[in-house]
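With the sequences and hints as input, model every part of the structure.
2 protein chains.
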Amino acid sequence: MSFDLDRYTLERVAHVSDALAVFCPPDGSQLREAMRYSLLAGGKRLRPLLCIAAAEAVGSNIEGVLPAACALEMIHTFSLIHDDMPAMDDDDLRRGLPTCHVKYGEALAILAGDALHALAFAVAPTHAPLFAQACGQMCQGQAEDLEAEGKSITLGQLQRVHAHKTGALLRASVLAGAYGAPAHQQSSLSHYGECIGMAFQIVDDILDVTGDDATLGKPAGSDLKHDKATYPKLVGLDESKRLARAAEQEALEALEIFGQSAEPLREIARYIVERNT
Amino acid sequence: MSFDLDRYTLERVAHVSDALAVFCPPDGSQLREAMRYSLLAGGKRLRPLLCIAAAEAVGSNIEGVLPAACALEMIHTFSLIHDDMPAMDDDDLRRGLPTCHVKYGEALAILAGDALHALAFAVAPTHAPLFAQACGQMCQGQAEDLEAEGKSITLGQLQRVHAHKTGALLRASVLAGAYGAPAHQQSSLSHYGECIGMAFQIVDDILDVTGDDATLGKPAGSDLKHDKATYPKLVGLDESKRLARAAEQEALEALEIFGQSAEPLREIARYIVERNT
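In order, the protein sequences belong to chains A and B.
If you're matching positions, the first sequence starts at 1 in the numbering used here and goes up one per residue.
If you're matching positions, the second sequence starts at 1 in the numbering used here and goes up one per residue.
Derived from the structure by calculation, the hints contain no laboratory data.
Watch out, some of these pointers could steer you wrong.
Identical chains blur together in the list; that is why a pair holds if it fits in one copy or across any two.
Claimed, not checked - Think about it this way: if two alpha-carbon atoms lie no more than 27 Å apart in a straight line, the pair counts; the simulated DSSO-like pairs of lysine-lysine are:
hint, residue 1, residue 2
1, Lys103, Lys151
2, Lys241, Lys103
3, Lys103, Lys225
4, Lys151, Lys233
5, Lys44, Lys151
6, Lys151, Lys241
7, Lys233, Lys103
8, Lys151, Lys225
9, Lys44, Lys241
Now the structure itself:
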């Protein structure tokens with residue numbers, strides 16, 4: 001029987017969404033409402049899924065990694081809220097809804113992002129060193145991305161920006177799930193995380209060119225608007241697709257030391273490259 | 001021989017400043033430059049001092065709490081950078097220098113704040129639960145403060161706002177310094193932290209009325225400009241001063257279980273109420 005990623009995802013995403021609502025309950029404040037608006041707006045929940053799938057790969061209990069999985073989604077959401085701000089990427093639409101600052105104003109959006117950032121460390125303090133490092137790299141990547149707008153950069157520089165901006169947190173998601181596993185397993189999963197991080201960003205760049213707003217849930221063509229360096233711009237659409245496939249292949253190879261238990265991670269790697277949203 | 005707070009402060013602040021520069025070294029990036037600009041701009045270093053003084057009160061080693069002391073200053077600085085943004089308090093001057101967004105632009109200011117927030121947890125992961133809780137309350141307090149602008153609130157509500165906005169991190173500073181100390185000592189220090197937090201905020205409100213830009217290093221009259229609820233506005237200047245003294249007194253009483261080792265904490269409580277900056 002082949003592995004059913006849709007069903008796997010549905011079950012686990014429901015589990016994560018329930019847990020997120022519990023970790024970030026309403027308290028009557030506007031701030032909390034803004035946090036919940038962005039946190040519970042849906043989305044692919046890719047980081048929690050990676051965390052849980054990595055836990056399953058190394059034979060860990062799903063319940064045990066749920067706080068880490070939720071913390072990762074909080075960190076991801078905090079970064080989206082801040083990146084969408086007018087001073088940054090100036091996006092009005094996210095996950096098919098008005099962005100946090102459009103809905104609640106800029107002041108509350110900054111604070112909702114900050115509070116989700118803090119909540120992540122409250123929920124998963126064990127992973128503070130790993131997550132703090134990933135957050136730092138994410139900020140660094142976003143700053144490099146903004147700095148590169150309108151400039152011509154090399155493919156190596158672009159890969160570096162993306163490794164920081166997107167790759168660091170995806171890698172941390174896998175590593176958090178594999179917390180406590182033997183070193184050689186963690187090392188393989190770390191490499192897997194880096195490869196899918198690269199694949200993810202290449203496909204993101206491709207979708208910004210080929211996708212439409214409704215499917216993406218955010219404005220397509222945003223990279224072009226900001227004159228951002230992207231894979232399609234630097235190496236063309238066909239070569240970008242080839243690079244994404246190569247990164248997927250390398251990710252799958254990194255999982256060779258695992259048996260059937262890593263099937264969810266393998267399917268996620270395939271999904272990342274084949275997705276249209 | 002009486003205790004010399006100026007000398008005590010000078011020595012420890014120099015120690016903290018050196019450590020901050022090491023924990024946040026230049027890396028050639030603009031983001032790091034913006035982080036260092038705000039982090040190393042001086043300031044009273046009150047939170048690191050409280051952390052170190054609490055460590056001394058319970059007989060702990062100063063070197064051991066230096067990471068926590070630095071993390072507290074990073075968190076404080078991150079909150080200042082974000083609070084100064086145009087969408088929030090819209091202040092141009094901080095610690096006698098142009099604010100981070102005036103110097104580096106809003107995008108980099110948001111990211112520098114975020115990156116300092118993350119760095120704090122990288123530097124002091126042991127304290128993640130304590131610091132994350134304090135950060136969350138700080139964001140909550142800032143949101144409540146903004147929400148209360150132009151509205152009339154009660155003294156009880158004002159105290160609640162300040163307990164979140166300023167008190168939580170001051171209390172966390174003392175508790176981080178007393179990490180590992182016996183429960184009754186921690187409990188006394190927690191109470192001390194709450195009292196000086198209240199005293200600090202009352203005096204801040206008073207100074208906003210009675211101080212001048214040059215001495216404060218930031219614009220005086222900022223609360224009035226934003227039509228903020230303050231102690232002088234709610235209870236008058238004289239009653240505000242009386243409340244600050246009462247909070248100082250309660251803070252000193254909380255330290256009665258300690259001997260000579262808590263002298264720095266006692267002097268800090270006095271300084272908080274007597275300061276003119």
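Hints, one by one, checked against the model:
1. Taking the shortest Cα distances, Lys103 and Lys151 sit within 27 Å of each other only across copies (22 Å), while inside one copy they are farther apart (32 Å).
2. Taking identical chains as interchangeable, the C-alpha atoms of Lys241 and Lys103 are never at most 27 Å apart, the minima being 36 Å within one chain and 41 Å between chains.
3. For the identical chains of this complex, Lys103 and Lys225 are neighbours both inside a copy (23 Å) and across copies (26 Å), given an alpha-carbon limit of 27 Å.
4. In this homomeric assembly, Lys151 and Lys233 come within 27 Å of each other (Cα to Cα) only inside a single copy, at 12 Å, whereas the closest approach across copies is 52 Å.
5. In this assembly of identical chains, the alpha carbons of Lys44 and Lys151 never lie at most 27 Å apart, being 31 Å within a copy and 40 Å across copies at closest.
6. For a Cα distance limit of 27 Å, the shortest separation of Lys151 from Lys241 inside one copy, 23 Å, qualifies, whereas the shortest one across copies, 56 Å, does not.
7. Taking the closest pair of Cα atoms, Lys233 and Lys103 never come within 27 Å of each other, the shortest separation being 33 Å inside a single copy and 32 Å across copies.
8. In the homo-oligomer, the alpha carbons of Lys151 and Lys225 lie at most 27 Å apart inside one protomer (14 Å), although the nearest pairing across protomers, at 41 Å, exceeds that limit.
9. In this homomeric assembly, Lys44 and Lys241 come within 27 Å of each other (Cα to Cα) only inside a single copy, at 21 Å, whereas the closest approach across copies is 54 Å.
In this structure, the hints that do not hold are numbers 2, 5, 7, in rising order.
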